[in-house]
Amino acid sequence: MASEMDISCQDIVGDIEDLISFDDPTPSERYQNKKDVTVRAKRVKVRASRPKEEPCVEKPKLDSVIPETQQIYMKTWGCAHNTSDTEYMAGQLAQYGYNLTNDKDSADLWVLNSCTVKNPSEDTFRNEIEAAHQAGKHVVVAGCVPQAAPRSDYLKGLSVVGVQQIDRVAEVVEETLKGHSVRLLQAKKVNGRKVAGPKLALPKVRKNPLIEVIPINSGCLNACTYCKTKFARADLVSYPVEEIVERAQQVFQEGVCEIWLTSEDTGTYGRDIGSSLPELLWKLVEEIPEGCMMRLGMTNPPYILEHLEEMAKILSHPRVYSFLHIPVQSGSDTILGEMKREYCVKDFERMVDFLRAQVPGITIATDIICGFPGETEADFADTLALCQKYQFPSLFINQFFPRPGTPAAKMTKVPANEVKTRTKRLTDLFHSYEPYKKYETGTKQTVLVTEISHDRKHYVGHNKFYEQILLPMHNNLLGKQVEVEITGCTKFSMFGKVIQDEQQWVNCSKLGTTTDEPTKLLTAAGESRFRSMLAYFFISCSLAIVCKYMFMFLDF
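Going letter by letter, the sequence shown gives residues 118 to 673 in this note's numbering.
Bear in mind the hints are in silico, worked out from the structure with no lab data behind them.
Since the model is a prediction, treat every value here as computed from it, not as a measurement.
Every residue gets a Cβ at the ideal spot worked out from N, C-alpha and C, and that includes glycine.
One or more of the hints may lead you astray.
Said to hold, decoys possible - Keeping only pairs whose Cα atoms sit at most 30 angstroms apart, straight-line, the calculated DSSO-like set for lysine-lysine is:
| id | residue 1 | residue 2 |
| --- | --- | --- |
| 1 | K537 | K400 |
| 2 | K463 | K316 |
| 3 | K541 | K554 |
Stated by the list, open to error - Pair by pair, the computed Cβ-Cβ distance ranges are:
| id | residue 1 | residue 2 | range |
| --- | --- | --- | --- |
| 4 | L302 | T560 | 44 to 54 angstroms |
| 5 | Q366 | E459 | 34 to 44 angstroms |
| 6 | K614 | E551 | 16 to 26 angstroms |
| 7 | K316 | D572 | 31 to 41 angstroms |
| 8 | D470 | Q251 | 21 to 31 angstroms |
| 9 | T529 | Q366 | 15 to 25 angstroms |
| 10 | A495 | P237 | 26 to 36 angstroms |
| 11 | Q620 | D352 | 50 to 60 angstroms |
| 12 | G274 | I616 | 58 to 68 angstroms |
| 13 | I390 | E288 | 27 to 37 angstroms |
| 14 | R467 | A495 | 45 to 55 angstroms |
Using the sequences plus the hints, can you model the full thing?
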């Protein structure tokens, strides 16, 4: 049973965003001594564009669009920030009256929200576009791929919603259904100044009605040589502290019991507006109801080092998960320098050692890139040694993919077979230890239950250290904080049983959820706006009818 659950639950723990960032306006100046070699990654097979033997189904063009009659299918790749963007777009479309569906075949239009971090993600995105063409579906693309490379051949003629224009997705969908191509890629500004994105108070349709993903800033301050995300998200722009706090207050009122703070680098929050991440977190902690929890998203090492003592206090708070995702990417200072990561291995080790000492039991997740250009066997041995030393319970292992336009794409690459070998060696090391063995059978844990496993056999909850615990599917545990006893463990999760009477459970959600199906949630502001739109619609229809009969009378 344990091995079966290992497979079924690996996806559940893969919800930690691993965005990385880049901005190097003059790469040739830094790498003028490198060989000018264009590196091409081994790609997943991409369908040929519209083969003649399989003509595309003609897409219907509508003179007018009545939202209630069209169905929209949405798909997302990438990080938690992308997930939040899709939820906001879904909220806009639902507010406008469109029907959202998980059945792509019955949908009239597909909204595809992309990720530009790795080649395979973009290839899958490209194949999905081709599948939509073959099925005769209208397509709107969004996310970092079209934002970073809008002139890509396979995006020609498609409607695009830029990463800062997601609040206008309904306009783009309406025009696309009429057969028009619309592209909104510009940065959003207020009074001439860039803002992080659309207002956080917009309506959402959440993937999980119990979890709210809140973007706290967009972009970053780094210039990593391997990453294309900064082409899309650009430099750091933070949301005001007050707007984030108001969003948290709002979603807890709506029934959310867990909030995730996300961005390309949460550690940089506030540096552009005279604030800081600890200042924001302390204000948010005051708004978290009893039993509810907050999870901090990915932060790069350079900026979190400035706030270590304050961060340790915050991560020790009972309503904050003692969890931090800090990508190290390599255990070699030489490779970190080539990546332009702006820290050394000793900096990372100092941070991990300090947090583990000050926050006992803390879960620290990290990322590794195997086979970065120029990585020698000695460099990789340093990476293995670092991972062996700390035995990270969550380790995201990635092969290097040269992203077009980045400085790293022009560096001399490590042979593909060697990259695969190193990836396997690190993966074998990761699977050689079991982080949950530290908990003996019978250990008691407090768990917040927010999900159902992909095999639909278990409730999924997390303890204070954001460690996953699977519970039997009886009663209704969603949105409840319960005491459990550990009955077993696997590589990726623990098993437990509830040891409290039902009247002792802490109900953390106001939803009163009775099923495990996601619920469409619109904010009060969204509902008000929707009512206004309906009123406007009916007034417009009434005027149209009056005008029609006036002209009939005049003709008569």
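Hints not upheld, ascending by number: Structure breaks hints 1, 2, 8, 9, 14.
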